[in-house]
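**Student:** Chain by chain, the residues:
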Amino acid sequence: MKLVIAIVQDEDAPKLVDNLMKNNYRITKLASTGGFLKSGNTTLLIGVEKEKVDDVIEIIKKLCKSRKQVTTSPSPTPMTGGVYIPYPVEVQVGGATIFVVDVDKFEKV
Amino acid sequence: MKLVIAIVQDEDAPKLVDNLMKNNYRITKLASTGGFLKSGNTTLLIGVEKEKVDDVIEIIKKLCKSRKQVTTSPSPTPMTGGVYIPYPVEVQVGGATIFVVDVDKFEKV
Amino acid sequence: MKLVIAIVQDEDAPKLVDNLMKNNYRITKLASTGGFLKSGNTTLLIGVEKEKVDDVIEIIKKLCKSRKQVTTSPSPTPMTGGVYIPYPVEVQVGGATIFVVDVDKFEKV
Ligand code: NI
Ligand code: NI
Ligand code: NI
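Chains as they are written, first to last, in the working numbering: chain A, 761 to 869; chain B, 761 to 869; chain C, 761 to 869.
The following block holds chain A by itself, in its conformation from the complex:
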């Protein structure tokens, strides 16, 4: 038995949780913030058989991989003296940090 600890961006968490549950993985969601990834993030605990670890990591990669996204929402540009001009910007979104830890003993009661 292994415990997969996955730290993902908040915006990627719902579809990841959905997908993992559809694949019969059981997840606990911890509230977490900052540090590993710039914006708000979510920590998931996923208990899986050793043979399933790579499958779980594949799912996380597919849904949470760090990628570029074009956004057109106004971004604060201090250079323009407080006038916010909306224009398309490419931002890095997503990304995940995954720790796999060995489990000595697993019990469901």
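To be clear, the hints were calculated from the coordinates, so they are not data collected in a lab.
None of these values were measured; they are calculated from a predicted model.
Treat the hints loosely; a few may be bogus.
Unchecked claim - What follows is a set of in silico ranges between Cβ atoms, one per label pair, in the way DEER data are often shown:
no., chain 1, residue 1, chain 2, residue 2, range
1, A, N779, B, E811, 50 to 60 Å
2, C, T832, B, T832, 24 to 34 Å
3, B, V830, C, K775, 17 to 27 Å
4, B, Q852, A, T832, 40 to 50 Å
5, C, K810, A, P848, 41 to 51 Å
6, C, T832, B, V830, 28 to 38 Å
7, B, T832, C, K868, 48 to 58 Å
8, B, N783, C, D864, 24 to 34 Å
9, B, E811, C, D864, 22 to 32 Å
10, A, K821, B, N783, 37 to 47 Å
11, B, E867, C, P774, 44 to 54 Å
Said to hold, decoys possible - Reference listing, derived: stretches of chain C covered by chain B, where coverage requires no fewer than 3 residues with Cβ under 8 Å from a Cβ of chain B:
no., region
12, 761-768
13, 801-814
14, 854-863
Note that the Cβ used here is the ideal one computed from N, Cα and C, for glycine as well.
Given chain A, put chains B and C with the ligands in place with the hints provided.
**Tutor:** Relative to chain A, chains B and C with the ligands alone:
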């Protein structure tokens, strides 16, 4: 030294924390949600000597074991066209998921 | 690769997170409460190379070590019949509990 990671239902958490502390176990409570168990749940971190792991698991089992409970609160029954009739229903409550992880190094400063 | 799980007091957390990030450590902050330490506490997950574990523990020790602090804020003294008299009191602050866990597999995607 072992780290016991226990995910229990919110409603079972207070009496479990109480009981563990009375038995001199030290606990950290993490905010957690959904996934492993249907309703809101709480994740506890309990650092214990190897020899105490089974005692901790016994306490969790005793207080959090999945069990049936009869409730008489009205339950929404879509079959009756929106009219909610209060009647006794047997629901599954409690339950816990426990991971025991080996600790390389433990420090209290 | 090791995972350092550090439970520190809320008031020590910001300067610890700051210091660790300045030293290029990556941190995830989990919301946590009570148990290990009297007041509110914060749980940090820090993924580090084996060789860096002692350095991380030293930083935590330096910034979070349990210490005495003199406070002059009024403390409720039931003995005086509800009259709160402000006077200097020495209180224990800080303190940290650290678990180091081995990581089977680490991925950043
Ligand atoms: Ni195993
Ligand atoms: Ni040990
Ligand atoms: Ni390693």
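**Student:** It remains to establish, for every hint, whether it holds in the given structure.
**Tutor:** Hint check results:
1. Between A/N779 and B/E811, the C-beta spacing of about 40 Å breaks the proposed range 50 to 60 Å.
2. Roughly 54 Å separates the CB atoms of C/T832 and B/T832, a value that falls outside the hinted 24 to 34 Å.
3. The given range of 17 to 27 Å is broken by B/V830 and C/K775, whose C-beta atoms sit roughly 52 Å from each other.
4. Checking the proposed 40 to 50 Å range against B/Q852 and A/T832 shows it holds: the Cβ atoms sit about 48 Å from each other.
5. The supplied range of 41 to 51 Å is met by C/K810 and A/P848, whose beta-carbon atoms lie about 44 Å from each other.
6. At about 55 Å, the beta-carbon gap between C/T832 and B/V830 misses the expected band of 28 to 38 Å.
7. Distance hint check for B/T832 and C/K868: the Cβ-Cβ separation is about 51 Å, which falls inside the suggested range of 48 to 58 Å.
8. Checking the proposed 24 to 34 Å range against B/N783 and C/D864 shows it holds: the Cβ atoms sit about 31 Å from each other.
9. Remark: the range hint 22 to 32 Å for B/E811 to C/D864 is upheld by a beta-carbon distance near 25 Å.
10. Distance hint for A/K821 and B/N783: a CB-CB separation of about 42 Å, consistent with the stated range 37 to 47 Å.
11. Separation of B/E867 from C/P774 is about 21 Å and departs from the stated range, judged on CB atoms against 44 to 54 Å.
12. Counting residues of the region 761-768 of chain C whose beta carbon lies closer than 8 Å to any beta carbon of chain B gives 3, which meets the minimum of three for the stated coverage.
13. Requiring three or more residues with a Cβ within less than 8 Å of a Cβ of chain B, the coverage given for the region 801-814 of chain C holds, as 3 such residues are present.
14. Only residues whose C-beta sits within less than 8 Å of a C-beta in chain B count toward coverage, and the region 854-863 of chain C has 8 of them, enough to reach three; the restraint holds.
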